[in-house]
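Engineer: Make the full structure from the sequences, and use the hints.
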Amino acid sequence: MSVHERRSDSEITERRLLQSTVEVARHVFASAAASVFLVDQETGDLVFEAVSGAGERHLVGTRFPAGTGIAGWVAASGQPMIADEVGAVPQFAHDAAESTGYVPRSIMAAPVIRQESCIGVLEVLDRSADWRGDLADVDLLAMLAAQAAYGLELLLRLRRAETELPAAPGGDDVHVLLQRISARVPRDGGAADPTALKLLAVAEELLH
Amino acid sequence: MTVTQPPWRRERREHFPGVPAWSLATSRLAPEEFGVSRLEDVTREWAWGGDDAGENSTGGDGAGVRVCVLDTGVDGGHPRVGGLERSLVVADDRDLTVVDCDPVDHVGHGTACAGIIRSIAPAVSLTSVRVLTDGRSGSGAALLAGLRWAVEEGFDLVNLSLSTTRSQYLPELHELADRAYFRRCLLVASAHNMPVVSFPWTFSSVISVASHDEPDPMTYYYNPAPPAEFLARGVRVPVAWRRGREIRSTGNSFAAPHITGICALILSRHRWMTPFQLKSVLYLAASNVVASQGGAHVRA
Numbered sequence: 001m002s003v004h005e006r007r008s009d010s011e012i013t014e015r016r017l018l019q020s021t022v023e024v025a026r027h028v029f030a031s032a033a034a035s036v037f038l039v040d041q042e043t044g045d046l047v048f049e050a051v052s053g054a055g056e057r058h059l060v061g062t063r064f065p066a067g068t069g070i071a072g073w074v075a076a077s078g079q080p081m082i083a084d085e086v087g088a089v090p091q092f093a094h095d096a097a098e099s100t101g102y103v104p105r106s107i108m109a110a111p112v113i114r115q116e117s118c119i120g121v122l123e124v125l126d127r128s129a130d131w132r133g134d135l136a137d138v139d140l141l142a143m144l145a146a147q148a149a150y151g152l153e154l155l156l157r158l159r160r161a162e163t164e165l166p167a168a169p170g171g172d173d174v175h176v177l178l179q180r181i182s183a184r185v186p187r188d189g190g191a192a193d194p195t196a197l198k199l200l201a202v203a204e205e206l207l208h
Numbered sequence: 209m210t211v212t213q214p215p216w217r218r219e220r221r222e223h224f225p226g227v228p229a230w231s232l233a234t235s236r237l238a239p240e241e242f243g244v245s246r247l248e249d250v251t252r253e254w255a256w257g258g259d260d261a262g263e264n265s266t267g268g269d270g271a272g273v274r275v276c277v278l279d280t281g282v283d284g285g286h287p288r289v290g291g292l293e294r295s296l297v298v299a300d301d302r303d304l305t306v307v308d309c310d311p312v313d314h315v316g317h318g319t320a321c322a323g324i325i326r327s328i329a330p331a332v333s334l335t336s337v338r339v340l341t342d343g344r345s346g347s348g349a350a351l352l353a354g355l356r357w358a359v360e361e362g363f364d365l366v367n368l369s370l371s372t373t374r375s376q377y378l379p380e381l382h383e384l385a386d387r388a389y390f391r392r393c394l395l396v397a398s399a400h401n402m403p404v405v406s407f408p409w410t411f412s413s414v415i416s417v418a419s420h421d422e423p424d425p426m427t428y429y430y431n432p433a434p435p436a437e438f439l440a441r442g443v444r445v446p447v448a449w450r451r452g453r454e455i456r457s458t459g460n461s462f463a464a465p466h467i468t469g470i471c472a473l474i475l476s477r478h479r480w481m482t483p484f485q486l487k488s489v490l491y492l493a494a495s496n497v498v499a500s501q502g503g504a505h506v507r508a
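Residue numbers (the working numbering), protein chains in the order written: chain E, 1 to 208; chain Y, 209 to 508.
Read the hints as simulated data drawn from the structure, not as lab findings.
All residues carry an ideal CB built from backbone N, CA and C; glycine is no exception.
Footprint (simulated), chain Y over chain E, 3 or more residues, beta carbon under 8 Å:
1. 77-83
2. 109-117
3. 128-142
Computed Cβ-Cβ distance ranges for the label pairs, DEER-style:
4. H27/E <-> T251/Y: 40 to 50 Å
5. V498/Y <-> M143/E: 30 to 40 Å
6. A191/E <-> R387/Y: 57 to 67 Å
7. G362/Y <-> M143/E: 39 to 49 Å
8. E205/E <-> A433/Y: 54 to 64 Å
9. D303/Y <-> Q179/E: 46 to 56 Å
10. A299/Y <-> V185/E: 53 to 63 Å
11. P194/E <-> R387/Y: 48 to 58 Å
12. P403/Y <-> G61/E: 21 to 31 Å
13. G452/Y <-> T163/E: 41 to 51 Å
Structural biologist: Put into structure tokens, the structure is as follows:
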């Protein structure tokens, strides 16, 4: 198995975690759809990272400009909210909702917060009318958003690691890397860091 | 009751820092008495004219009270908002200056909050400062700049249906909230119902508001388990939204403007109150605090 294959394999695990969060969200609220947006830290854009229900086949990767709709406000303010009867007024069929191909009657959204910053938004469209109580709905959504935060953070961490790896000179060439490592190992009889030695042993096994 | 202003409503005395010291030789000069209320007679009727105040001309209507809404901007033309005194925005420049702008709201949230305040205090003066502009997280700097402006401008009430999770803003925000409190500018902030630490709603110098799920806009409760001190209507609230629309919305950010509106009613009837006194009156007039022989007790 190549290094690249292993990477994409692990990304599948991170994605599944996020996907399972939106699946749970969709089912507990018996809703039409549930999704997690990532807030692009550079542009503020909202990017669909996981979708369950309406739009799940085509929405992942779709972007909306910063400040769009209720999800945009939730990302900016850090406050969860529910908007009901949005579909009762025809004008609501606005840009973003229309472009997703689904115009909801109700939207619940909660910020996904990690390490003091809002990294995403969890959104549930058209939850069922079953009586759970609106305050209970907000609390449950907030708890699921906390779970989504871990999933999203793992995904971001993985992507960061991927982009940082080739930055080292000759990072892709294993021989250059080995030469650099060899140059760092003390030659005067001094002991190398035991953790580093263990990791090298693991690396040798993996390269086998 | 005296007709003169109580001491805290008069001109501030000029003095050097630390001179005079804060202590007072009360044996030589008795502290001035102020005949306002010892609060034993504080009821909802006393506080704002009772719950029928809306139509009743003797009740408070928010007249003369200036409220600043720090949010996404306010659509000044929305029928539920009923006009703005001023509309401003924290400019996206290096100094984050606060400048006048068109009374628009691209999101709808600020318009919703302003509409709630107006529905409770019809004669109140509303000013909007847009601090949430582009939906990007980390706009704490704009929030600080907008809040500093509002405190300097001397608004009676500032509605903050937002919070920040970034601890880098904590010391400055804390200092600003305390300064507002002593300048008779009361900050009303929505509580955060997520398992994260955020502010300014957690500060004792502000009034923090979470939601109850009853439909009456004038029903509010004192919460004996702070930091959320009061519970106000926050579930399925009919609110103004962008482009002249109306939706029903749930969240603590809609509970806070209910308390802001009620505070405006109280202040328009009792202009002499400081934030400390107003908070006490708000507590005494809460729906779950009732007078009894032994003082205040909480209804079962």
